[in-house]
Every structure is written in C-alpha cells, then in structure tokens.
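Participant: Going line by line, the protein sequences match chains A and B. Last residue of the first sequence: 348 in the working numbering, with the numbers rising by one and none dropped. Last residue of the second sequence: 348 in the working numbering, with the numbers rising by one and none dropped.
Simulated from the structure, these hints should not be mistaken for laboratory data. Incorrect hints may have been included.
[Said to hold, decoys possible] Calculated cross-link-like contacts (lysine to any residue; reagent style SDA-like; alpha-carbon spacing at most 25 Å):
| # | chain 1 | residue 1 | chain 2 | residue 2 |
| --- | --- | --- | --- | --- |
| 1 | B | Lys-342 | B | Pro-269 |
| 2 | B | Lys-342 | B | Ala-218 |
| 3 | A | Lys-342 | A | Arg-327 |
| 4 | B | Lys-25 | A | Ser-139 |
| 5 | A | Lys-25 | A | Lys-342 |
| 6 | B | Lys-342 | A | Pro-147 |
| 7 | B | Lys-342 | B | Pro-289 |
| 8 | B | Lys-25 | A | Leu-137 |
| 9 | B | Lys-25 | B | Ala-62 |
| 10 | B | Lys-342 | A | Pro-269 |
| 11 | B | Lys-25 | B | Arg-99 |
| 12 | A | Lys-342 | A | Gly-144 |
| 13 | A | Lys-342 | B | Pro-289 |
| 14 | A | Lys-342 | A | Pro-147 |
| 15 | B | Lys-342 | B | Ala-174 |
| 16 | B | Lys-25 | B | Arg-327 |
| 17 | B | Lys-25 | A | Pro-136 |
| 18 | B | Lys-25 | B | Met-95 |
| 19 | A | Lys-25 | B | Ser-139 |
| 20 | A | Lys-25 | B | Leu-137 |
| 21 | A | Lys-25 | A | Glu-92 |
| 22 | A | Lys-25 | B | Pro-136 |
| 23 | A | Lys-25 | A | Phe-143 |
| 24 | B | Lys-342 | B | Asp-331 |
| 25 | A | Lys-25 | A | Arg-35 |
| 26 | A | Lys-25 | A | Pro-8 |
| 27 | A | Lys-342 | A | Gly-176 |
There are 2 protein chains.
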Amino acid sequence: MRREASRPRRYAILADGWFANRHAKTAHGLLRYGRDEVVCVIDSSLAGRRVLEVMPQLGRDAPIVGSVREALELGPTSVLVGLAPAGGRLPEDWMRSLRAASDAGLEIVSGLHERLAPRFPGRPVWDVREPPEGIPLFSGEAFGVEPRVVLTVGTDSAIGKMTATLELERAARASGLRAEFAATGQTGVVIAGWGVCVDAVVADFAAGAAEQLVLEAARSSPDLILVEGQGALGHPAYSGVTLSLLHGSCPDCLVLCTAPEGEVFAGVPRPSPSRAARLYEEVASLVKPAPVVAVSANTRGLADAEAAEYVAAVSEETGLPAADPFRTSADPILEAVLRAPKTRARVA
Amino acid sequence: MRREASRPRRYAILADGWFANRHAKTAHGLLRYGRDEVVCVIDSSLAGRRVLEVMPQLGRDAPIVGSVREALELGPTSVLVGLAPAGGRLPEDWMRSLRAASDAGLEIVSGLHERLAPRFPGRPVWDVREPPEGIPLFSGEAFGVEPRVVLTVGTDSAIGKMTATLELERAARASGLRAEFAATGQTGVVIAGWGVCVDAVVADFAAGAAEQLVLEAARSSPDLILVEGQGALGHPAYSGVTLSLLHGSCPDCLVLCTAPEGEVFAGVPRPSPSRAARLYEEVASLVKPAPVVAVSANTRGLADAEAAEYVAAVSEETGLPAADPFRTSADPILEAVLRAPKTRARVA
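Make a model of the complete structure from these sequences and hints.
Facilitator: Here you go:
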C-alpha cells in the first residue's frame, strides 16, 4: 500500500443511468472529496446537465455527458467505474463503455469485487480492491507511531464512517493541521489515490494491512492519522474486518458514527450508541486503550430541526460531543479528538 | 466446504527431524484424533522407533521410518506435510521427499500457507488452507439450525481450542451423542477430512465461511456441532478471525480455553479468564447470545497437583465448571454444554 508518486489522474466517471442513485457512492465520493480532477460524468439519462444541478451537495461541478466518445473530448486519463454494487457483476453495456475507453488509451479504475485487469490484458487497470502483495502479519510496530491515530467506528455498516473521516480531515486541514486520511474501502482508496481495501485481504492479514496503512501514513509525520473504519462490531457479516481495524490500526481514540434509523442485517438490530461505544472501548483496551471521544451523527433525510434534536439526543445518551459533520461542521468532533491524549498499548 | 464422499486416506506423515517437536502439531493431531489410517511417520532422526515410544500421549501407534522409500512399502495413499511453520516456507530437503512421494503416485496433503498444488502440476495435492470457491457473505441462515452449536474461544491463540473441541467430541460420542466437529484450521481440517481454514478466507467472507461450515455440519442432524475456534478476541493479529467465527458460526454457547502462562503477542498480555468470558459474551450478544458455560484449562507442563490447583483456581475465578479435557476428562465441560439452552438470534 506504499503511496506511489503517480501523476495526477483526470477522471471521467462512468455512472450510466445511476449517477443520481445513492449506490453510486464511489462517484459521489470522488467528486466531493477527491483530489484528482473530474472532467465529466458519463450518464446518458442526465446528459447535458451538470453535476451541481443534479446533486448540489457534492460541492464540485462537472459536465454530464452521454457517452464515452463525448467524454474523450474532455481529455481524461482514467475512467472510474462509479458504482459499487454489493457483490454484483458489471452490466454488459458498462463493459462495452469500458472497452471503448480502454481502446482509447484510458486507465480503468474499478472498486468492484470482480477484478477487471484480467478482462483487459496488457491495458492499464487499477483494481482498487486488489490488495498489495506481501502484507505481513500484525507486528505491533504501529504501537509506536508518533502522530495521533483516530479511527471511525459505527453502530452499523454503511452509516457514514468514510464521510465522517473525510470531513474530519477537511476540518483538520482548515485549522492548519497536517492530517492524513488512511483509506480502507474502495471509495476511500479512489478518493485518496492510495490505501487498502481491508475487507479484500485474507483474514489472517487484515490487521497487518491496517497496521501497514498507519505506518505508511505516519511517514509524512502528520499531526493526525484519520483511519476510515469499516463494518461494525455488531454486524455479523463484517465484524471481523471491524475488529481487525480496531486492533490493527492501533488508534489512540475513536469517533463513533451512528444514524437514527435502525437498518439491520440478517435481522439484527443496531446497539444503542452508548452500548456500542462502551463495547468498542472494552474490546480495544484488550490491546491498546482507545476511548470514544465524540459521535458523528448521520442525519441524512431529516429536516434541520429534527437533525439538531437527534444530534442532541445522541450527545445526551452517550455523554459525548456529537455533530453531523456533513450537515453542519466536524469542528466539535475535531476538538474532542485534539483533547484526547495518545494512549499506550497494553504491553507487558 | 461440502464434505466429499472420498475413499479413506492411508497416511505417511512426513516430519523429518521434527516429529518430537511441538510445532509438528498437524502430525500429532492426525495421530491422536484423525479417523484416517496412519501407516507410518517419516523421521530419519527417529527411524526404527515407534510413535508410542516417542510420544505416548498420542494414544495411537505407528512405525517411524527413515525415508519415503521405506514408507512406500507400507502402502500409503497420501503423504502429510506434518509441520505448520508460522508463515514459513518448506525446507528444500522436504520438497525432495515430497517429489519422491508424488512420483510414486501419492497424494500430497499440506496445511502450509504456501500452496503446493502449483509446484506439482497434474498431480493430486490437497492444499488444506485453500478456501473453497464461492463462499457467500454471512446471511443469518445458520441462526436457524436445529443442533446445539458450541464454539471454543480463548484467552490467547495456540492455547488448546482445537484439542478441547476434539476431546469434547470424543466425550460426546462416548456418551452416545451424535457430535460433529467443524474444523476451522489446517490441523483440524486434516483430522476431520473436511472443513475450512477461516483465516485463509478473504476477510469479507470469513463469517460467511463459518456459517457455511455450520450449515454443512447440520446436514447430518447431529445432537451437537462443535466448532473449533481460532485466535482470541484480545490477540491483535487474529482477533478479526476470532470475531468472524463468534458471529458467523451462530453458537448457542461457548467454552473458554485458557492456560496458566501468559504468553503474549506483540507484547500484549492475556486478559483474565473472567474478563475474557464476559467480553466474549457481550460481543456475541450483539448478534446472538452465547454464554460461556465452562472453561477448558490447558495444564500442559504442570505436575498433577499443580494442574488440579490451576483448574480449581480458574473455576473459582470464573464461577464456571473447569477441566483439562486432555489430562483428565471433558465430561464436566460436556455436561455444562448439555445444560445450556439453545439461544435465539437478536433479530428484530
């Protein structure tokens, strides 16, 4: 997961028929948080419109075009597969578009489970989920990193951990701090241009991957390393990945992400934020104490007054500062993070 | 991980120079617990002696021979690589022995991280760590299995979870119960002849692998499914695998494995048995309650009186029945397991 000194990308985002759909989260994430240029979005159902007309909350504009051919006129270096269907395969018409882009010399960037490199032999393909070779076992080396390490955790998966982490990074940079975003999922890795999809690593090495990520982020001696969390301790499908990150990234403190609606997986309800916070702390402290210092509340879909009420209720229930960093500001969370001391691993 | 109706194996165990070493645990496990025949052990340093002379605790005898050539005279079908070095590669002289065995038509059975099939193209090789294709995500289907599911967990890795599980299986069968051992690590899989090395599965699918294992074990409608645990909730390198098993196998109750000496990894000390038990229960209960009903105490290396004292102390500290199932009997643990009710998943 070593960061490479690559030339910056100029992206065309392929999201045909899907750009306005919430599952196009890699597309949206790259537009809102990415550092690379976005020359256009390809979505024939919205051709001729602009990103900010369709999704003003993304905060960055780009033209929307109807085809790869039109996109090529705007000089992209790379085409992003802007959809991350849960375990799904790519529709055939998207494959045709990607073939056209690849034939024109573009790099294909994909966060799909299915690897695309074997389908484009000899062509530039970045399969974002492909883990780097030779990830070692967790060693404890990251116990000793100098910067403060913050990990986002959640009461559920898909609850806003990546967004909270990226908004925290923005707030930190806005206040003059050097912050590193350590990406652990496909959208985060595309946004950052480096990182590792921890859930795609062989289970034995998942904690080692998290540790290597933190060690790599520490090389630039930032003030803060902000590690994107995954899954949830109570999510039966992904809890192993969550715990590998909790122990492997050696955080000094945690930010708990939650949301009002109790979406469930396999029928299992979410724990309350206070219960979740206590359990994350207890399990972390088997290895290295990491207090939950703030709550990031995802209030998407609520009216402003309801959102404020929900944030206040979460703060009351947990006894912690809370904010929706996307709707208002990550500053209360950042302040809590900066007040937290570095912790020491529980080593004999 | 579907069990195949394969013909039984007749093993020659390759453990040259290592048979008496504790790292030869796959060799020892197969001898003590395996159902397949063992025609001999290959260890030139012990040639001419017999297994029970060298390691009486294994409880099954076999001749020890000095070479593959001698082993072949005893009619094996398979040669087992009887060593599981931590992440290590196979020594070159072992490769020569395996080539000789393979040239003579033997199947190679290996639990090494490094896959051997590519080194013996066209020849029969069972790379035990190779996960089956197409493992699905955890679905919750195993919430509904009929048999009682028991998972062994530990205060540390390499503390006796496999042994406890296998001794529990023996005790259950001895008392007339139909018990299925669900193997999750390389030695266990060799012993059982089926299973899945959960730590070799891509992290996203580790819980799904544990669930599929339980579903497969349930097909024969046993009274008990005994799932071999891995790692430990407080072991930073392996805790993710541990939690994938804790949630994915949907246990009704847990047996906590512990040992007196505080071996550590990356400098981290073991939690006390009572703390570990409480945390396993809390984390399990996010998904499905699974009380710790007994403690399996590994007293290897202690004198009988010390061992009895240690078992009593662990029972006192946890308030649970405790026994060393290898030294004395698994019956107290089995009784506790049979008293525990089946639990229901915390589904909305």
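Participant: The structure should be examined with respect to each hint, and the outcome stated for every one.
Facilitator: Cross-check of the supplied hints:
1. Lys-342(B) - Pro-269(B): Not OK: Lys-342(B) and Pro-269(B) at ~33 Å, beyond 25 Å, violated.
2. Lys-342(B) - Ala-218(B): Between Lys-342(B) and Ala-218(B) the Cα gap is close to 14 Å, so the pair holds against 25 Å.
3. Lys-342(A) - Arg-327(A): It is violated: about 29 Å lies between the C-alpha atoms, which goes past 25 Å.
4. Lys-25(B) - Ser-139(A): holds (24 Å)
5. Lys-25(A) - Lys-342(A): violated (33 Å)
6. Lys-342(B) - Pro-147(A): Answer violated: Lys-342(B) to Pro-147(A) is near 47 Å, above 25 Å.
7. Lys-342(B) - Pro-289(B): It holds: about 9 Å lies between the C-alpha atoms, which stays within 25 Å.
8. Lys-25(B) - Leu-137(A): Cα-Cα ~21 Å, so holds.
9. Lys-25(B) - Ala-62(B): OK: Lys-25(B) and Ala-62(B) at ~16 Å, within 25 Å.
10. Lys-342(B) - Pro-269(A): holds (20 Å)
11. Lys-25(B) - Arg-99(B): holds (23 Å)
12. Lys-342(A) - Gly-144(A): holds (10 Å)
13. Lys-342(A) - Pro-289(B): violated (34 Å)
14. Lys-342(A) - Pro-147(A): Given pair Lys-342(A), Pro-147(A) holds - Cα atoms ~8 Å apart, limit 25 Å.
15. Lys-342(B) - Ala-174(B): holds (22 Å)
16. Lys-25(B) - Arg-327(B): Between Lys-25(B) and Arg-327(B) the Cα gap is close to 17 Å, so the pair holds against 25 Å.
17. Lys-25(B) - Pro-136(A): holds (23 Å)
18. Lys-25(B) - Met-95(B): Given that 25 Å is the threshold and the Cα spacing comes to 19 Å, the pair holds.
19. Lys-25(A) - Ser-139(B): holds (24 Å)
20. Lys-25(A) - Leu-137(B): holds (21 Å)
21. Lys-25(A) - Glu-92(A): holds (20 Å)
22. Lys-25(A) - Pro-136(B): Judged against 25 Å, a Cα distance of about 23 Å means the pair holds.
23. Lys-25(A) - Phe-143(A): Since the Cα atoms of Lys-25(A) and Phe-143(A) sit roughly 33 Å apart, the hinted pair is violated (cutoff 25 Å).
24. Lys-342(B) - Asp-331(B): The given pair, whose Cα atoms are some 19 Å apart, holds under the 25 Å limit.
25. Lys-25(A) - Arg-35(A): Status holds; Cα separation ~16 Å.
26. Lys-25(A) - Pro-8(A): Holds, at about 21 Å.
27. Lys-342(A) - Gly-176(A): Distance ~20 Å between Lys-342(A) and Gly-176(A) Cα, so the pair holds.
The structure is inconsistent with the numbered hints 1, 3, 5, 6, 13 and 23, although it conforms to all the rest.
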